[in-house]
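> Work out the full structure: start from the sequences and follow the hints.
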Amino acid sequence: MSRLAIGLMLLALGCAEQFDHRFETGAAARSSNLARRGWVPEWLPAEAMNVHIQHDIDTNEEWLRFELNEEQRSALVAGLQSLSSAENETVTIRSPRRAPWWFEGLIQQEPANDGALNANIFRGVDRLVLVDRTGASVFAYVRGQ
0 MSRLAIGLML LALGCAEQFD HRFETGAAAR SSNLARRGWV PEWLPAEAMN
50 VHIQHDIDTN EEWLRFELNE EQRSALVAGL QSLSSAENET VTIRSPRRAP
100 WWFEGLIQQE PANDGALNAN IFRGVDRLVL VDRTGASVFA YVRGQ
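Residues 0 to 144 in numbering that gives the first Met the number 0 are what the sequence shown spells out, letter by letter.
The hints are simulated quantities; they were obtained by calculation from the structure and are not laboratory data.
Cβ-Cβ distance ranges computed for the label pairs, FRET-style:
no.	residue 1	residue 2	range
1	Glu46	Asn119	18 to 26 Å
2	Arg126	Asp19	14 to 22 Å
3	Ser31	Asn59	16 to 24 Å
4	Arg142	Gly104	13 to 21 Å
5	Ala115	Arg35	32 to 40 Å
6	Gly123	Glu70	14 to 22 Å
7	Ala115	Asp57	25 to 33 Å
Even for Gly, the Cβ is constructed at its ideal location relative to N, Cα and C.
Following this line, the structure appears as structure tokens:
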């Protein structure tokens, strides 16, 4: 089987290439080779801690998780549109592959369901930002362009 046929078969199966990166801080991410290649959003705060970035080179989607204190979270979402509770329930986000740091569901159904995220959701021009109501985590989904 030719390389082209294999490549087309993998693409048809949804096997896009996704790469996962971790940084101690937003400042480290912003000064990395990944940033120079355009995979670190300019809006990522330098103060962010425990940064995870996964990107899909085929769809140009990005998924981020990082931690900020309450004041920094407020500053991050200040220019974004807050979604209503009804809108929150209609939001769907494609999950990254093989990313145990990402959440399983948007709305926590039971306190025992640790895989679900109970979050306030904000919309920007090219992204959704989800601020965990129970902790310091911030998740972001950047749509491919």
